[in-house]
Amino acid sequence: MKLLNRAISGTMESSDIMVEIIPWDKDLEINLKSDVKEQFGKKIIALVKKIIDENGIEKACINLNDKGALDFVIKARVKTALYRSSKGGSDE
Amino acid sequence: MFENFSKEYILSNNKKRREKTSKFLRTLNLNFDENTNITINILDGKKIVATASAEKNLIKCIGVDKNYRSKGLMNTLISEIIRYQYEKNIYDLSIITKIKNKDIIQSLGFETICETKNIILMENNKNKFNKYLENISDNKLANVESSAIVMNLNPITKGHMFLIEKAAKESQQVYIFIVSEDKSKVPFKTRLKLAKEGTKHLENVKIIEGGDYIISSQTFPTYFSKNVDEWINNYCDLDLKLFGKYIAKKLNIRKRYVGKEPYCELTTYYNNKMKEILPLYKIDVVEIERLEQKQKAISASLVRKLAEEGNISQIKELVPEATYKYYISKED
Chain A
0 MKLLNRAISG
10 TMESSDIMVE
20 IIPWDKDLEI
30 NLKSDVKEQF
40 GKKIIALVKK
50 IIDENGIEKA
60 CINLNDKGAL
70 DFVIKARVKT
80 ALYRSSKGGS
90 DE
Chain B
0 MFENFSKEYI
10 LSNNKKRREK
20 TSKFLRTLNL
30 NFDENTNITI
40 NILDGKKIVA
50 TASAEKNLIK
60 CIGVDKNYRS
70 KGLMNTLISE
80 IIRYQYEKNI
90 YDLSIITKIK
100 NKDIIQSLGF
110 ETICETKNII
120 LMENNKNKFN
130 KYLENISDNK
140 LANVESSAIV
150 MNLNPITKGH
160 MFLIEKAAKE
170 SQQVYIFIVS
180 EDKSKVPFKT
190 RLKLAKEGTK
200 HLENVKIIEG
210 GDYIISSQTF
220 PTYFSKNVDE
230 WINNYCDLDL
240 KLFGKYIAKK
250 LNIRKRYVGK
260 EPYCELTTYY
270 NNKMKEILPL
280 YKIDVVEIER
290 LEQKQKAISA
300 SLVRKLAEEG
310 NISQIKELVP
320 EATYKYYISK
330 ED
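Chains as they are written, first to last, in numbering that gives the first Met the number 0: chain A, 0 to 91; chain B, 0 to 331.
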């Protein structure tokens, strides 16, 4: 998968997560803001990193604003953001 | 509990719904700002219970019905605005809001740029302001105590030149910030060009673009209160604190020159606030009497009026040569 554009998915509503992907030339950077960062921060970042790795992406900036999303929500939101970034925009 | 909630998107041409939104904001003691591109409302049935608007990169006119707070409606609205603007390739967003909203806006990914007693300016990309300050620093001519003037120069007149030349004579360095907002009769690029040409004989004067943080729509929250005085007061506080605390510091500005305002009430108010706030940041305010011609202060609005009436020849004695040439070339 090749990232082409800045893309966003999700919301900052309760139990959701907003994911932003910015393609760049630098190494992968994941920034997490979360109400439960202390308890689940490491887990969330590991999960996101795994999805990014699976798609063969090494260079990007990922901004996450989590409002207590469960794993499957996080997965869906990250995949959607990746899809939008690689296709060039939202498909809604 | 959310079953009856729906969203509506209102574009600037939808007068009817904008009027409804304005009415809702007034119940919260807030004003609707006409300068918005998009308004998003949350409805409970047909009733508006929360609203937010945006003008380019500025989110404004945020309000939530008192009976619908703590339900996360603000989260929904800001998420929607971000998504909407994202599709228009507008990524970096700012919010000006009452200070009491600070925590919730912060939880939505925004960081504080500047706060006053009543209001706060927050952005979701803090690098933007840092970059702005870096760009300002790039204009630094020498590390000496300097003076500044903030002007719209719409267009530059002999009245402005009088003020600039006086500042240039009394200071080692003078930085002139031109208000970048393109809401003036003379386009920003032209104002900038005429200012550079008009001041090129003054070696210690540097023209700088004011950008988003000096008297811009970003520092201009027009909706905070029905009471215009309170609004002007908040706006002045924010604008002058940004200038005193951050911008002036980058260029070692110790004096700010300003022309005495004989006509405009708002400018007079702003000038008085300047004298109150800037000394807190060790900046002296120097107010200069306007240059008069035939017992009347030379003003840019007079020049614009003459231009509109086609009296180009009368403009000649009021403006520097470059400005006069601009009007002649426009006439052809």
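Treat the hints as calculated values from the structure; they're not laboratory data. Cβ coordinates follow ideal geometry from the N, Cα and C atoms, glycine included. Among the clues, some could well be false.
So, partial list: chain A residues that the calculated Cβ filter (under 7 Å) puts toward chain B [to be verified]:
| # | residue |
| --- | --- |
| 1 | Asn4 |
| 2 | Ile7 |
| 3 | Thr10 |
| 4 | Met11 |
| 5 | Glu12 |
| 6 | Ser85 |
Computed cross-link-like contacts, DSS-like style, restricted to lysine-lysine with a CA-CA straight-line distance of at most 30 Å [claimed, not checked]:
| # | chain 1 | residue 1 | chain 2 | residue 2 |
| --- | --- | --- | --- | --- |
| 7 | B | Lys6 | B | Lys97 |
| 8 | A | Lys74 | B | Lys97 |
| 9 | B | Lys240 | A | Lys32 |
| 10 | A | Lys32 | B | Lys87 |
Against the structure, test the hints numbered earlier, and report the numbers of the ones violated in rising order. Of the numbered hints given earlier, those the structure breaks are 1, 6 and 8, listed in rising order.
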